[in-house]
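Dock chain to chain to rebuild the complex, using the hints, since each chain is given by itself in its own frame.
Protein sequence lines, in the order shown, are assigned to chains A and B. In terms of our numbering, the first sequence opens at residue 65 and continues consecutively. In terms of our numbering, the second sequence opens at residue 7 and continues consecutively.
Incorrect hints may appear among the rest.
To be verified - Computed from the model, here is a short list of chain B residues facing chain A with C-beta under 8 Å:
hint: 1; residue: Phe366
hint: 2; residue: Arg404
hint: 3; residue: Pro458
Said to hold, decoys possible - Each computed PhoX-like pair below joins lysine-lysine, with the alpha-carbon atoms no more than 20 Å apart:
hint: 4; chain 1: A; residue 1: Lys230; chain 2: B; residue 2: Lys413
hint: 5; chain 1: B; residue 1: Lys395; chain 2: A; residue 2: Lys242
hint: 6; chain 1: B; residue 1: Lys395; chain 2: A; residue 2: Lys146
What the hints assert, rightly or not - Residues from chain B that face chain A, not an exhaustive set, calculated with beta carbons under 8 Å:
hint: 7; residue: Phe175
hint: 8; residue: Ser357
hint: 9; residue: Trp358
hint: 10; residue: Gly359
hint: 11; residue: Ser405
hint: 12; residue: Thr415
hint: 13; residue: His416
hint: 14; residue: Ile418
hint: 15; residue: Trp452
hint: 16; residue: Asp454
hint: 17; residue: Arg455
hint: 18; residue: Gly456
hint: 19; residue: Glu457
hint: 20; residue: Gln459
hint: 21; residue: Ile499
Hints are computed from structural coordinates only; laboratory data are not their basis. Every residue gets a Cβ at the ideal spot worked out from N, C-alpha and C, and that includes glycine.
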Amino acid sequence: MKLKLSILLLAISVGAFGQKPAPKTEQDFYEIKTLPIPQDLYLEVGGLATMPDGRLAVSTRRGEIWIVENPYQKDSHQTNFKKFASGLHEILGLAYKDGVFYCSQRGELTKITDTNRDGVADLYEPIYQFELSGNYHEYTYGPVFDKNGDMLVTLNLAWIGFGEGKFAQWRGWLVKIKPDGTLEPQSAGLRSPAGYSINDEGDIFYGENQGDWVGSGRITHLAKGDFAGNPGGIKWAKEPNSPFKLTLEEIPDNSQPMFEAAKKVKNLKLPAVWFPHAIMGISTSDIIQDTTKGKFSPFPGQYFVADQGQSKVMRVFMEKVNGVYQGFCINYREGFQSGILRERFGSDGSMFVGMTSRGWGSTGKDNFGLQRLVWNGLTPFEINAIHAKSDGFEISFTQAVDVKSVKNAASYALRSYIYQYHHQYGSPIINVKDVKIKGISVSADKKSVRISLDGIRQFYIHEFILKGILNEEGEPLLHETAYYTLNQIPAGDKLAMNESTAPVIEKEAIAVVEQPKLAVNGKKQLVTEAQAMALLKKHTCLACHAKDKKVIGPSYEDIAKRKYSDQQILALVYKPNPQNWPDYATEMAPMSHIPANDVLKIASWINGLGAKNKVEPNRD
Amino acid sequence: MKKVFYLLLLPWVCWAQQTIPLTDLSAFDHPSTNWTIEQVIKARPTDTSFQVSSGKGVLLNTLRHGKYKRTDDLKFNLNHGDIHFMMDFMLPKGANSGIYLQGRYEVQLFDSWGKKSLKFGDCGGIYERWDDARGKGNEGFEGFAPRQNACKAPGLWQSIEIDFEAPRFDASGKKIKNAVFKKVILNGILIQENIEMSGVTRGSLFSKEGPLGPITIQGDHGPVAFKNIRYETYDKPSAKLSNISYQYYEGKFPEPVIGQAIPLLKGNLAALTQKVIKARNDYLIHYVGDLEIPETDNYSFQTNWTGSGVLKIDGKEYNSGAHWYTDDISATVNLTAGKHKFELIHVKDFSWGPKALGVFVKRIGAQIVPLHVRTSLPDPEPRGLIEVKANSEPVYQRSFTFHQGKKKTHVIHLGDPTGLSYSYDLKQGALLQTWKGKFLNATQMWLDRGEPQTAEPMGLNVVMDGKFPLVLSSQAQPDSVDATKLVYKGYKILLGRPVYMYDWPAASLKVEDHINPNENGTGWLRTINLIGTSPQKSNIEVVVGNSPDVVEINAGLLALQGMGYYVQWAGAPAVILNTQPAGKQVRVPLQGNSFTYQLIW
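The following block holds chain B by itself, in its conformation from the complex (with noise of 0.2 Å):
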């Protein structure tokens, strides 16, 4: 019988890097001419180069004579160590760059889209290093492909995430500690982890390695374009924790009050430990130190325990409530330099799960640390993956699934061999989410109990507004629709996927919604034929997106959500309707009994 937790998990509430300002190319080593400041670029997928649109925000790289040359690198005026590196990018058909960490270690970009086997040099890669003694055809050695495919479609915006660790050297100069690419995160897909490089890759600015060096991007082979160009560098010195006592209160405690209650124990720590007490469960612990702040700033707290407990910082309450060791509570507090007084308090009423206590401090510009012994933190469990496949087949599955952090409970996915896939609400008849890639992780399922039943998509995600697509003309599309309003009528398999039937009162008419690759695997074909003979036909309307933004590309192709992902058909042009709040609906007025449109990242 566990006790339920009620999940809060609350991410870092802020990753305030610094960012590289795109309104002049002064960030930058002696640009090439062929770097420009621009304001709005858009492709088609199949375009070579970029339309552009002049001002202010995206880096963009164009051949503007002849050849590309190695000088038309981009070198940023930031030399780092440490780094967290982020920015967006975004390639037309066939682009080939890369980010070299400190000028010397490559992550590529590449555009890989579609591709199935992918090597270190596809997008996302880690570059191979080489060496030209190792004698001709030997020359390449190392690299690092990535774990999966997730990279977008050309003229899309893509975004990337780089966590390097810098080379360490002993005072003579000598290497102590390889380079690390602690996380590659392309288009939010975890693709690379801890890789250690042995040395520098091909084509990097120095032949040796070195504590510092530039950010460098590649600008030889084509164009290319960036933005939010953020990074944070971990310079400046973070709190501590000193000073630190503790009483103990033996006894049950179901919140982290210690009331009129004795303390059974007292005594100082040199860190914070839960393992100061032997007790396993029914205790109450107050530690209280002082929290020596060295620069005002903001610092972010985050807390783990298994129980109950509470962060105080000058008396106030920041961090609470009953949690398992494994969700990351953070809470955000201003502090001024010098001394605080820090509290915290934590009960477990309960003899079940481990003991646990771990509180890390972050401050932008320095690296997260923890004011706890090491010890105090145990291990998550183990959980191996469930993975459902979908090789050779097409594969549907039912689950729950969270979409826009709800909990739907009636909805199929459908992983196909191209390597799209697709989450659908069988009640509400609307695509909740569509990605590539790897297909669906059923851990949270089939393990065990199965306590939150869900699974979730493996892949390069684009969630959708999972509403029902069709409206009769004049009237809103409603947030969701009850099965009085649509009709559910089940499934049937064809070509190995489901289409999926509705009856829908409104118009008196039948729904059939087809959903298949399109010819060339790139992207889902959305096919909803109306049958019946309503008077209504005439007067009905495909809401093909709603999204924040929609840039029109050409006739039949727009953008949406920051130019995520295409939408695309042929026939009537769209009516781009405000919604609110602050939002765009995209609508295609229906031409006879059948409409057809991609979704296309």
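So here's chain A without its partners, still in its complex pose (with noise of 0.2 Å):
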């Protein structure tokens, strides 16, 4: 026993001085746990509940809805299926309450008891009955309960190569239901309202998808009376019990950002947080407040967005200045087995992540599935909060900074950019400027820094890349990317410009980036792969494309048979043709906020790859 320990103790000090610490990772934080789905069964997950007895209950985009015994995977990794209702069509929300499901079928919101308890549903009552077309796009969400016990669900649009809600009643709206089966349209312009929610102070938030009249993903506050964009649904607006009126003749078409048509249009609602299309997802999905209280995250009171196509949960923190709702996103967990369409917390404070990606793909190869994110106690080096201030932001980190990282002005990189609000799907990036830091200032406590800027623009998305930022330890941040949309600029004091505040500008020897020959003696020079990988990722290219395979979009092998010139591949880059590339589900977004000259070495890389297919025989 003696000897066994010994030999472990001398295996430790060799692993400890023999190599320097990896970087660490989401999952050295957030840990993903797989719950085991029985071969033959398709939980293409539409729904989660959690139950109060421990249990959780699914439905699924085939209708059925399972009770799943020892979600929490406690004593032992299996867990146990059992069918508790099923032949409903496509259920796209679940909830539990007083011992009864609710759930929503395409053409209905339904009540479900199991009125004798075997354990199999025995009872399946309409609370409302929906108007269909019959097109398949007319997707109904829900139910979200409020507190008064009244059911919330959002109906997707229609899809005839662009969004449409005309067909049948409320579509592209947001509903209120009361349990006796009246209906209260509340809100409108909803496009594709897949995931929704109800804050700690009883407001909803929604997620919703690039596509028409929608530049980027994005969640909107919905109050009562409210548009948010899309007027696919506008017709109903006519009927008597509409909370408003608008007609579509009032709605600017004009490709200027979304907010100038919100000066014009009264009920108009901007997004809280934009998500920058590919970066920040490409198809945003459930949204969800962290209320366990610290069980969940280092980050308690924030919202957790999930995507389906990236397979990731993006985290939201929002403030309300001048009572109006605006925040950042930011990456925290990627990596999931599939698309995720749900959210929902378990009683142990993890979240039940539910997945399906039929029609659509994602970067998780599955075609479905049901896993957990878990927070392991350990606290990662992250933004916390980024508060806007009259002249700039105030960045709060979870751990002390480490001075000189946050004084040198190179360790922030700092833009502002919009989208264009239009029929047409999505938006190229536009009005972009690079935002200078005038002034940094950090709190006694090294865990906050306020930063003046030299023109913060009221509306746009403010990106703030804070790669040089490191904590005592000399750590990196696990996510430097954040995206705040900054509706209001609150007032409030001014950072005062003095020595102390003046940034470090530092003449730093940087290694210049070697530019890409790309002629010599008449031959192409090839990028090489580790250099176009380093530009793919810088860019987020490789959220949708990989080498080799086929992700969201072709892989660049593919594309590189088609034999584009470099120069014609920067110009799909920034102003993508889908229909060059039939077979794939989600449309590439516009992507010409990335240099011409990165665009260019990265489609020489690709083309390098179509050579290599040719290359001869060796002839040596």
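See the structure below:
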């Protein structure tokens, strides 16, 4: 026994001295646990509901409700699935209240009861029957119960080459339905409102997908009478019980930013937080506030927003400025097994993540899945919050920072931009402007930094890349990039400009990135794979593409087969033509913010992949 | 972002085949006296023989002198090679007959109603082969059971359709290609497909195979009746396309209209193909050719293309529109013998989807002929079947479904382990269809995004009227009821199956609709319960069916839809009303709080 122990110690010490610790990753803090699903079960998750007895209910796109025993995998890893209900029509929302299930089917809000308590549903009652035109894209989500016991339901638009809500009543709306079946329309302008929830103040937020009239993914606070931007269902604002009146003709369609339209259209509600397309997901789905009081994450009260296409969970901090919600989004945990549609907190403060990617594709390769996101209690070095200030922002961190690193102007890359508002699908980013730091001040506890900026712009997305900021141990941030949507600029004091707040501008001995020599001796000099990968990662291309396999978009090898010129690739990156890739369900967003030189380097590498395939046999 | 194509599926306009007139027995070769021509026959599902009314139109086999013999088999005068053969047949309980193609290859007709496990000797089976030389007990070999049981109840008219390809022989008489049952379709269900025959089946008229032979119906086992005997053989010449030229225009043409465009390229073609140009999209190709018509007749043209196009013959437009290449668009044109001007313009102004162009011509009496090169029309995408099964317990599933050409959005289907299934419109409290055999094809709902979001019956289907069955006795039955006239209250699960619940304000009553298999699992037992104390209750009638025709078999047993299914009940006699246009409505006055009737097919 003694001997064994000393060998073990030896091994540890060798390990400790042998190498530098690897940089910390998401999984060092936020662990993903997979619930095994029986092989014959098609658990395409549409809804999740935790039950007070420790079980979990899961509803599926194939119309079943399964009850999972031991979902927290406490004493064994194995779970038990029992079918509770079946035969329903694509259940994209599930709630459990007072021993009864409530779910949305395409055409119905349904109450499901097990009257004889044998563990299987035996009574299916309609609370409300929705009109349907028969278009596949008229999805129905919910319900979410409000504090009065009324049910919120969102109704997706039909898709006929564009989002259309006029075929069936209240499509494109958030509606409230009382237990007696009375419907009250609440808010309009929704396109694909797959996820929504109520926060601790009783306010409703929903996640929206990029699409027509939606330049990029976003979350929006929906108050009664709000119009969130897509006019597909605006026809129903004419109904006598609509909380507001608005016609299509009143909505500008001129590719100006949405905030310009909001100056003219009274009910038009700007997003609380924009999620830049392809960087912060491609298909925003569920949103949920961390109400676990510190069990789920080191960020109590913040929000967690899922993305179907990129199989990840992002974090959102929101504050209210002048009565308006705004805040930032930042990556939290990627690497889930399929496309995330649902997030629900379990009784232990972990988060159940329900997934399906059928019809759209996702980075996570499975067709469907059920996992749990668990915080292991260790706090990483992360941005905690960003508060808007009259002249800039105040950024707080989870750990004390290295003062030298935060005083250095080169630790920050800041810019702002916005999207167009128009009937076209998506938008490039427009009005891009770099933002210069004028002043920096560190709080006494070193956990908060005030920055004064040259030219913050109301309504714009402010991109923060804090790549140089270190904690006192010299570690970088776990996530360095955040996007703050500045709907309102608060009043208040300005940072004093003096020697102590002046940023340090270092004349760095910058290792200039070598420009690829595009022609040496008349031959094309290939960009190395390492160089290309660095660029692809930096510009988030790898979120949707891989070198040799289909992810959300085609592989680079497949792109190489198309034999585009480098310039053609540049043109397509800036203005994609989704029709070139009809077999891919998700359209590529315009990536016109990537510097042309970078795209050309990437293009050169891509075309090198094609050349490699044609290399003649070795003649040596 | 897939462009939306509006599906317009037009089947071949006419199968105006040759008909065997059943006014007398002249179409048959020395029929035995068991075979007669009659008008109406009917039977209860339990009867082993028919009730017969004399007249014309039905061919009947009846036992007349003791025992059936081989000579009671009915040989047609028709000697055929390749043939498409269709007819309706009626079997009494326990009947056994068969159709021998060329007198050699038998498709079995048998009362297999309700059987679970099928063999080659069941209805629609291709009968086994037989060779005494194989030794006792081993004489039988091969034989092909049908894919599923698509056999109706005794006493109902059934249909069978056989697409048969005769064997081929070289000049020396040596067989070079086997006979093939290309398709056998029983009551609308495909049950055999491309089954190759190594030789004649048991009971063949001939021991040797040959290029021709007579259709023969087995008449030595018991009573059986036939009508609507039709066939098509393929000995006529069909259209040809020659002297083909094309002009290629580059650019985005949303419509097949050339306008002022200048062709980029022109040339001649040996046969029609879209592969003549390399461009995958953004083109217009204008093909012109001589359509050589051998004899004056009707010719049907089926086109397939991705994008848009127009087919013109002698300058007149026929097939046109934006389509996916798997949509079959067809038009029938009467053409005189000689040359006609053929023109086809095809455009594709988008890059997704396969480039595809196909043109087929069909003349009755000739095989379907492609006018294009095979590679011009790619294969459809493979799509694996998603089948919902109900093998061990009842299974219910909601979906959209088509009923009489309309998409219904609030539909539930029930599949029962007895093999019975139905579709029910929850908004109307109405049966849409009822079938037996396999349960549900959910591919269109659960593959990819499931764009049509529909599910379809996989078995022998009978389409119902889709109407709420209760009416107040003086009132007409409405085609549909809105949510204020019939308030859907959900369903409860009883015996594993849904019981549908409604409020019916017109009578101030609650309604419960129970649909369960009957005792033998041969049909549905539908019980409608009325709950509440309404003065109207004595004034209610149940519409048990709407049908173009009604045949009364006996009291409380009617056959509807061309004797396609039975309704049966005990109690008050039916009142049969005439409805517009030219239909019948069967009503039964309600007595008490409940009414039960059966649907049997």
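Tested hints:
no.	hint	in the structure
1	Phe366	violated (26 Å)
2	Arg404	holds (4 Å)
3	Pro458	holds (7 Å)
4	A/Lys230 <-> B/Lys413	holds (17 Å)
5	B/Lys395 <-> A/Lys242	violated (37 Å)
6	B/Lys395 <-> A/Lys146	holds (19 Å)
7	Phe175	violated (47 Å)
8	Ser357	holds (4 Å)
9	Trp358	holds (3 Å)
10	Gly359	holds (6 Å)
11	Ser405	holds (6 Å)
12	Thr415	holds (4 Å)
13	His416	holds (5 Å)
14	Ile418	holds (7 Å)
15	Trp452	holds (6 Å)
16	Asp454	holds (5 Å)
17	Arg455	holds (4 Å)
18	Gly456	holds (6 Å)
19	Glu457	holds (5 Å)
20	Gln459	holds (5 Å)
21	Ile499	holds (4 Å)
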